[in-house]
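Participant: Listed below are the residues making up each chain.
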Amino acid sequence: MSLEKKKSEQVQVPKLKSSKQRHLRRYWQLYAMMVLPIAYFIVFKYVPMFGNVLAFRRYRPGMGPYGVSWVGFKYFNQFMKDPSFWRAFRNTFTISFMNLIINFPIPIVFAILLNEVRAVRFKKVVQTVSYMPRFISTVVVFAILGELLSPSSGLLNQFLHNVFGMEPIYFMNEPQYFRWLYVLTDSWQFTGWTAIIYLAAITGISADLFEAAQIDGANRIKQIIHVTIPSILPTIMVMLILNVGRMLSLGFEKVLLMYTPSNSSLSDIIDTLVYRTGLYNQNYSYATAIGLFSGIIGVVLVSSSNTLSKKFTGDGIY
Amino acid sequence: MKKYRTKGNIIFDAIIYIIMIFVLLVCLVPFIYMLAVSLSDPKAIVNNKVSLIPIGINFEAYKQIFRYPNFFRAYGNTIFYTGVGTLISLIMTTLFAYPLSKPNLWGQKIAMKIVVFSMFFSGGLIPNYLLISNLGLTGTRFAMLLPFAISQFNLIILINFFKSLPSEIEEAALIDGLSYFGVLRKIIVPLSKAALATVGLYTAVFFWNDWFNGLIYLDTKQYPVMLFLRNIVNGTTMVGDAAGSADKATIAISIKSAVIITSTLPIIILYPFLQKYFVKGLTVGSVKG
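Read top to bottom, the protein sequences are chains A and B.
The first sequence runs contiguously to residue 330 in the working numbering.
The second sequence runs contiguously to residue 291 in the working numbering.
Just chain A, same shape as in the assembly (with noise of 0.2 Å):
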C-alpha cells in the first residue's frame, strides 16, 4: 500500500514537471508574440509609472529621469499650499461638473427620440452625421470655433448683429464664455458617439414589451417613459458611474487650446497646470507631485465608481 503511494507520487512528480514542458513546447510561439508587446509595455507604460517617484524627489536637470535626493512630501506640500493649485482644482471640478449636467443627459434624450424616428433612412443620416464631429482633431473643432465666433466676421456676431442689432463679443476672450464653450464644443463632438451605446441597448429591448404597453393603451410618450427609459436604466447607471469616475481626466488639449491669459482664473486646470509648471518652467518635481495627485483621485473615483456599478447593475467595466 505505502509502496504504491511512493511510487505514485514518484511518478506524478516528473509528470507535473513534463506538463510544464508540454505547455511551453506547445504553446512557445504564442509567448513567442507577446515578447515585443510586453516589451513596450514595460518600457512606456510602466516605466513612467515608476518614474512618478520624482514628486518624491529633487530634479537636477542632466542627472537622471528620477532625481538626486529624497525629499518626503515636500513638493506635495508646496502645492497644497500654492493658491494656483487650488483655483486649477476648482475649476476642474466646476467644469468636469457642468459637463456632466450637461453632457451626460442628451445622448441618453438624443438616443431616445433618434430611436423613435421611422424613416430608416432619414435614421441613417441623421446617425452617420451625428458621429461624424467625434473624428475631427480638437484643433480643428478650436480653429472652427474661432472662426465661427471671430468678432469681426464669424457667423454667430453676423447673425446676432443682424437680427438683434448687438454688438460684436469676443467670445473666446471673455472668461465668462470659458466654460459654456468647453462644454457645448463637448455636447456636439460626442453626443452622437455616446448615443451609440444607448441606441444598442434601446435595440436589445423586446419588442413584446412595446406591444403589450400599446395594447394597454400607452402612446408613444408613455411607451417612452414606461418602457424604454426602465429598459436602458442599468446602461444609464453604468455609464453614469463611469462618467463620475471620469470626471478629473477633462479633454486637456481642447482646454489647452482655448487658454488665453485673459481667461486663465478660469480655464487653468490640474493638467494645465502640470503643463506650464512642468514643461514650461521646467519644474519637474513638483509639476509630477501635482500630476501624481490627480492622478491618484483619479483612481480612487474610477474604482470607488466601479464598485459601485457592480453592486447597483451587476456590471462594471473590470
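These are computed hints drawn from the structure, not numbers from a lab.
The hints are all genuine.
Taking CB as the label site, the calculated pair distances span: (1) Phe68(B) to Ile181(A): 28 to 36 Å; (2) Leu48(A) to Phe119(B): 17 to 25 Å; (3) Ala174(B) to Tyr43(A): 21 to 29 Å; (4) Asn293(A) to Ile17(B): 50 to 58 Å; (5) Val47(A) to Asn136(B): 16 to 24 Å; (6) Val47(A) to Phe24(B): 51 to 59 Å; (7) Leu245(A) to Phe144(B): 43 to 51 Å; (8) Lys111(B) to Trp192(A): 40 to 48 Å; (9) His173(A) to Ile81(B): 35 to 43 Å; (10) Lys111(B) to Gln33(A): 20 to 28 Å.
We treat Cβ as the ideally placed atom computed from N, Cα and C, and that holds for glycine.
Here the structure of chain A is known, so what remains is to put chain B in place on it, guided by the hints.
Facilitator: Chain B in isolation, oriented as in the chain A frame:
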C-alpha cells in the same frame, strides 16, 4: 399602419423631425461655413457677406497653401505618422491580443491585469516626457510612433473579437500542421477584417489628429499638419505673406479655413467607408474588459 395616423402621433413625429434636422444642421453647418469661407473672395469676407454660400468663388486660399512649403511638409508628415503609426499599432496589438484571447494560456490572467491596471493609472505628463527624452526620442519621428504602439482600449476590442471566433477552425488548422504564427496570419487575421478595420480606423484617426505630442517632442520640420494649423490659429505662424499687409488679416481667415478643410478632408472621405464597422467595435469594447 392606421394607428400611427393619430393627431398626437403626427405632432410627436413633427417635433422629432425638427429636433433631428436641428442636429443635422448643428453638425454640418460649421463645415459648410468653413468651406464657404475658404472659397470666397476675401473682400466678401471682410464685408460680412459670407454665410453658408461662397461669394465670388476663388481658389486663391488653396493655391496659397499649396505654394506654402511648410504646409506640404506638415501634410506629408501627418500622412507618414498615420500610415506607419497605424501599421505598427495594428501589428503590435494583434500580436498581443491573439495570445491574450486564450484563457488557458499560463500567465494570461496576469497579463490582462497588467494591461487593465495601466488603463487607470499612468505615469502622467512629466514622467512620460522625461522617459521620451531619456530614450533619445525627442526630435525624432519615433516620438510620435512608439509611445502609442498599443492602445489598451483597442487591445480589449480585439481580444473580445478573437474570443468570439469559432475555435474549431483553429484546432483543425493546428492538427493540419500549421503553427500558431501560421494560424494567426492565415486564419485569424483574414477572419477579423471587420475588427481590424475598426481598430485601424480609431488608430488612424488618433495619429491624424495628434498635435500635442508633436508640440512637446518634435522639431519644426517634423510637425504634423494639426500642429501647423494650431500655429496658424495661434498666430505663431504667419500666413498670407504673398499679399500686401493690409489684406493679410482677411486672407489669413480664408487660408485658415482652407487648412481646416484640407486637413480634415481625408477623415471625412474615409469615414463613410469604415462607418459600418465601428459601431460594432464601440459596443463590443464597451461591454467588458
